[in-house]
Amino acid sequence: MGVFGAYGIKDASAIIYYGLHALQHRGQEGAGIVTFDGDQSYRHRALGLVNEVFNRQTLASLKGEIGIGSVKYANQSKGGLDNVQPLFFHHDTGDFAIAGDGNLVNSSKIADYLEKMGSIFQTRTDSELLAHLIKKNNMEDRIHSIVSALNMMEGGFTFLIMTKKRIYAARDKYGIKPLAIGRLGDGYVVSSETCSFELIGATYLRDIEPGEIVTIDHHGIRSRKYSQFQRYKMCAMEYIYLARPDSDIDGCNVHAYRKESGRRLYRECPADADIVIGVPDSSLSAAMGYAEESGIPYEMGLVKSKYVGRTFIQPSQEMRENGVKMKLSAVRSIVSGKRIVMVDDSIVRGTTSLKIVRLLRDAGATEVHVRIASPMMKHCCYYGVDTSTEEELLCSHRSLEEACKMIEADSLGYLSPESSVASTFGHAELCLACFTGHYPTSLYKGTIENEE
Numbered sequence: 001m002g003v004f005g006a007y008g009i010k011d012a013s014a015i016i017y018y019g020l021h022a023l024q025h026r027g028q029e030g031a032g033i034v035t036f037d038g039d040q041s042y043r044h045r046a047l048g049l050v051n052e053v054f055n056r057q058t059l060a061s062l063k064g065e066i067g068i069g070s071v072k073y074a075n076q077s078k079g080g081l082d083n084v085q086p087l088f089f090h091h092d093t094g095d096f097a098i099a100g101d102g103n104l105v106n107s108s109k110i111a112d113y114l115e116k117m118g119s120i121f122q123t124r125t126d127s128e129l130l131a132h133l134i135k136k137n138n139m140e141d142r143i144h145s146i147v148s149a150l151n152m153m154e155g156g157f158t159f160l161i162m163t164k165k166r167i168y169a170a171r172d173k174y175g176i177k178p179l180a181i182g183r184l185g186d187g188y189v190v191s192s193e194t195c196s197f198e199l200i201g202a203t204y205l206r207d208i209e210p211g212e213i214v215t216i217d218h219h220g221i222r223s224r225k226y227s228q229f230q231r232y233k234m235c236a237m238e239y240i241y242l243a244r245p246d247s248d249i250d251g252c253n254v255h256a257y258r259k260e261s262g263r264r265l266y267r268e269c270p271a272d273a274d275i276v277i278g279v280p281d282s283s284l285s286a287a288m289g290y291a292e293e294s295g296i297p298y299e300m301g302l303v304k305s306k307y308v309g310r311t312f313i314q315p316s317q318e319m320r321e322n323g324v325k326m327k328l329s330a331v332r333s334i335v336s337g338k339r340i341v342m343v344d345d346s347i348v349r350g351t352t353s354l355k356i357v358r359l360l361r362d363a364g365a366t367e368v369h370v371r372i373a374s375p376m377m378k379h380c381c382y383y384g385v386d387t388s389t390e391e392e393l394l395c396s397h398r399s400l401e402e403a404c405k406m407i408e409a410d411s412l413g414y415l416s417p418e419s420s421v422a423s424t425f426g427h428a429e430l431c432l433a434c435f436t437g438h439y440p441t442s443l444y445k446g447t448i449e450n451e452e
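Mapping to our numbering: the sequence shown position 450 is 450, numbers consecutive.
No lab work stands behind these hints: they were computed from the structure.
The beta-carbon is built from N, C-alpha and C at its ideal position, and this holds for glycine as well.
Please note that a few of the clues may not be correct.
[What the hints assert, rightly or not] Listed below are the simulated DSS-like cross-link pairs for lysine-lysine, each with C-alpha atoms no more than 27 angstroms apart in a straight line:
(1) K116 - K135
(2) K135 - K109
(3) K164 - K225
(4) K165 - K225
(5) K63 - K109
(6) K225 - K135
(7) K225 - K63
(8) K10 - K164
(9) K405 - K304
[Unchecked claim] Just the calculated beta-carbon pair ranges, DEER-fashion:
(10) K405 - H90: 53 to 59 angstroms
(11) T58 - D272: 54 to 60 angstroms
(12) A422 - Y307: 45 to 51 angstroms
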């Protein structure tokens with residue numbers, strides 16, 4: 001998912017709309033915006049892409065200079081309109097809205113605790129759990145209630161909490177999920193990625209730190225640590241796949257990271273070939289790096305349809321497989337008769353890789369050497385990346401040679417975990433749990449069932 005907030009900006013809904021448009025790659029199932037005009041709230045959400053959910057009329061109806069929005073990641077177990085955020089809550093102490101990104105690993109325990117306290121849930125979102133926790137810890141100063149609630153949560157997450165007069169922006173204490181603050185005129189914006197700032201003309205100020213909650217209101221920006229435990233374990237998949245290449249995360253540009261990972265990939269897994277191609281779009285930077293380091297010409301051997309979404313974040317396996325057929329086509333005149341190095345960002349289940357290898361062979365490629373600009377994915381992610389069950393992962397129970405045979409490649413090579421970390425140029429530490437099995441947080445019974 002992706003979240004975006006605006007404070008102190010005229011016609012905030014229009015800015016939020018453009019911010020969400022820039023974050024569309026983070027979720028394509030649904031979108032929503034909630035605004036306040038000082039007294040009254042306005043909200044609209046629906047299933048679909050941002051430009052399908054909102055039009056000039058709906059944006060005009062979302063009045064006010066403060067608002068938050070969200071795009072929803074497709075998920076088979078938590079789909080539907082009910083789970084599209086922001087969620088809106090009425091309360092006698094003041095109405096508020098919440099939008100979140102990521103996933104809690106102790107959501108089952110929190111839900112059990114709240115149900116015993118009398119809570120009844122309308123959705124399966126962590127944002128609703130946070131809302132209930134805030135009200136169960138109903139202290140005189142709202143910030144203390146939020147701090148208390150956040151300290152009960154374990155996992156990788158960011159939250160935007162909006163009242164009539166202010167926005168609270170929080171990031172998990174492990175720094176697994178990204179969140180940044182920007183300045184726009186006399187107001188402020190908050191976004192999952194900095195790429196949205198360029199689109200709206202905002203100036204990047206800084207990343208919100210792990211374990212930090214920022215209050216944005218007429219006083220400006222105020223900060224406090226809600227947890228003294230702080231780590232920097234940014235999700236490696238943000239750099240590898242999820243984020244846009246023009247975003248900067250924790251001081252490291254995503255395109256620069258991917259290109260460096262491609263260079264290191266060649267050093268670790270060279271191949272004798274005629275051309276290097278990337279799988280559009282998230283692999284192109286790594287393919288450029290591989291080509292530059294190897295001296296093998298970089299070519300556009302695969303073309304992506306502009307009108308098909310990302311197959312990795314489709315909610316079902318059947319939709320993912322159909323999406324591959326609609327999404328990519330090989331450039332026959334480029335690949336025919338060639339030995340090809342095909343660089344991809346990652347392999348999850350292997351079905352997409354198999355179809356692309358076959359696509360290239362059908363177009364006349366004589367050899368297809370697959371190189372992956374990340375380590376072998378062997379474990380589930382519990383922090384918001386939908387990797388399904390461990391049994392479905394190509395490399396969870398197969399050797400490199402077996403995985404190569406499954407995708408019908410001539411050879412297969414992966415980047416090492418050490419090179420994945422080194423590709424940040426020392427700017428960021430990484431969570432590599434889906435590759436190494438070393439999780440930065442504790443895991444709880446029921447985590448898999450409650451993965452968001």
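Discussion item. Hint compliance check: list the failing hint numbers for this structure, sorted ascending.
Written reply: 5, 7, 12
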